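Protein chains: 2
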Amino acid sequence: MVYNLAIIGFGTVGQGLARILVNKKDLLERNNNFKFKVVAISDIIKGTVIDQNGLNLAKFLQDVQKEGKISGIKKSDFSSVEIIENSAVNIVVETTWTNLETGEPGLTHIKKALALGKHVVTTNKGPIALAYNELSKIAKVHNAFLGFEGTVLSGTPAINLALRNLAGASVKTIRGILNSTTNYILTQMETGTTYRNALKRAQTLGYAEADPKMDVEAYDAAAKTTILANVVMNGNIKVTDVIRKGITDITVHDIRTANLKRKKIKLIAKVWRENGRIQGQVSPKALSSTDILANINGTLNALTYSTDLLNDVTVIGRGAGGIEAGYALLSDMLALNQKLIKNF
Amino acid sequence: MVYNLAIIGFGTVGQGLARILVNKKDLLERNNNFKFKVVAISDIIKGTVIDQNGLNLAKFLQDVQKEGKISGIKKSDFSSVEIIENSAVNIVVETTWTNLETGEPGLTHIKKALALGKHVVTTNKGPIALAYNELSKIAKVHNAFLGFEGTVLSGTPAINLALRNLAGASVKTIRGILNSTTNYILTQMETGTTYRNALKRAQTLGYAEADPKMDVEAYDAAAKTTILANVVMNGNIKVTDVIRKGITDITVHDIRTANLKRKKIKLIAKVWRENGRIQGQVSPKALSSTDILANINGTLNALTYSTDLLNDVTVIGRGAGGIEAGYALLSDMLALNQKLIKNF
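Taken in sequence, the protein lines are chains E and X.
Going by our numbering, the first residue of the first sequence is number 36, and it counts up by one from there.
Going by our numbering, the first residue of the second sequence is number 36, and it counts up by one from there.
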């Protein structure tokens, strides 16, 4: 089987995937029995191209790097939705921007694709945080695959780890460091750097946006917490249900005071069940230095699933980056492929 | 589909699985679409029973706990191999003892089952460490599934994490703490306890055998290192190829000296490629206290895969225990089932 991919959104993540696909095409075919063509790329700024015979990805990556646009070949007037509807497409790669209020335009893209029985892989937190239960039902009805590994720890296995590797065990609580920007800032502050200077450094290094609110006020971590709550613990909570406190009030003094007690301040996400209801929280916590999460520094992320049969299982890895997020999309497609190919 | 399981070997691990299967039968059917009967149990000491309609597992667990034997129902004279050959059996659960020299009797059991196209799940390190490449070929030829998650890190995802979740990425090096007994002893020694006393405590707690050689002289970790080398990095090494040094020479003085330099002594397994060849080593190393592995204490195990696309991915969890190992077998069966059931 040859998969026909449409990449909707060609920013850092879409380009990260494209780069991997260019570099690993032969390896993926040989080692993973994964054959693909990219038949469409659609980006609201960079333009849209379609070629049912398969686009020359390497060329588009060059174009975009040089000119910020897809150029040099026949453009298409089709909208992203029309591309998704195109009968040649069987995997929709959704990597448009995250909107935690409406989920759009990703939500429409994903619904449309699943309703047509097309498989979807996405790193877009918006639609999954806002509408996982609904999307999951549409996927089930149309027997389509919905992969979203990259929404929580980027390419580091987190979602599929819970759904596949920990299947049959019951996850009782989840704790984690889910945001790289804030973990970088807090780690910098351990050395005496002020919050303001640590944030500036994070911005210079590209870890934080010009408007850092999504990260430092923990909206990003709250969205990821919602996803974990609904996907891994069968919750039905909204992003706004997550008790949320960011790191903007944390001072070097707070960190020093914690250190004197052999503690580290970390922005900790938590999901638990209370009176039969799933609850989520993100807030700064002073962790004992023997806590594994206390020793996760810089841009690393970590996630601990506390289970009935295995006690705690912790995974640690990078939680951001274009290649990492691109890999998350690939790993979802390979999970789909492992399911569809005949041999073990 | 209803799977018909034969459990070969009914020690701690086989009983751990049985306990989970008794407790979770309904949940596994409802949540994981996994339906099974245990049609045979065969143990060289405890006896053998067969019932094609499905054995009463709860009863056998009671029997074994009370009398150390399977009793009260018609015994069978069939050998373990004859049970594997029985046409009713389609999953062979191999949990006999580990023999790192011959792999027997597990090796014969697994070969026989795979050659008949039967699926195999095992926690038995011997056959996988000695003959993975051969077994993997037999499995491929007969399109049978060979699951062995529990051979490294017990139920904590390790093997399937590499083969499934990290598919498409390339693992460049592996480092880990793969043996619980030695990590417990070294952690005890951090508080000033002598090696001899720490070993005694480990024996009292059931973490170490009366003859602790397999653990403290790192044969167990070397077997796991071999498995990782051959399975995850496509090596073709023997257990005896692994450069091996145990912890019997480590003194409290060594540990104090390391601590003064902010280091921790851990028994570290490593797999890497050198001049195109895969190499394995297990030996005590003084790790910087900022190294994630330096902070893995007590009976916890950990494993870091260094990859091309994700940098380091680390998983931490329990590396031993009857329930944990039983869960490893279940997780392999659920991976098989996820592949065979039609829906996503």
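Hints were generated in silico from the structure; no laboratory data involved.
Incorrect hints may have been included.
The list treats identical chains as one, so a pair stands whether inside a single copy or across any two.
Unchecked claim - DSS-like, lysine-lysine: derived pairs with alpha carbons at most 25 Å apart: (1) Lys175 / Lys374; (2) Lys104 / Lys235; (3) Lys374 / Lys172; (4) Lys60 / Lys101; (5) Lys175 / Lys60; (6) Lys70 / Lys374; (7) Lys377 / Lys147.
Model, not experiment: these values are computed from the prediction.
Hint-by-hint comparison with the structure:
Taking the shortest alpha-carbon separations for Lys175 and Lys374, both the intra-copy value of 15 Å and the inter-copy value of 16 Å come in at or below 25 Å. For the homomeric pair Lys104 and Lys235, neither the shortest alpha-carbon distance inside one copy (29 Å) nor that between copies (68 Å) is at most 25 Å. In this assembly of identical chains, the alpha carbons of Lys374 and Lys172 lie at most 25 Å apart whether taken from the same copy (19 Å) or from different copies (20 Å). For the identical chains of this complex, Lys60 and Lys101 are intra-copy neighbours only, at 23 Å inside a copy versus 58 Å across copies, given an alpha-carbon limit of 25 Å.
In this homomeric assembly, Lys175 and Lys60 come within 25 Å of each other (Cα to Cα) only across copies, at 24 Å, whereas the closest approach inside a single copy is 30 Å. Taking the shortest alpha-carbon separations for Lys70 and Lys374, both the intra-copy value of 14 Å and the inter-copy value of 19 Å come in at or below 25 Å. In this assembly of identical chains, Lys377 and Lys147 lie within 25 Å of each other by CA distance solely across copies; the values are 22 Å between and 28 Å within a copy.
The structure does not agree with numbered hint 2 stated previously, though it agrees with all others.
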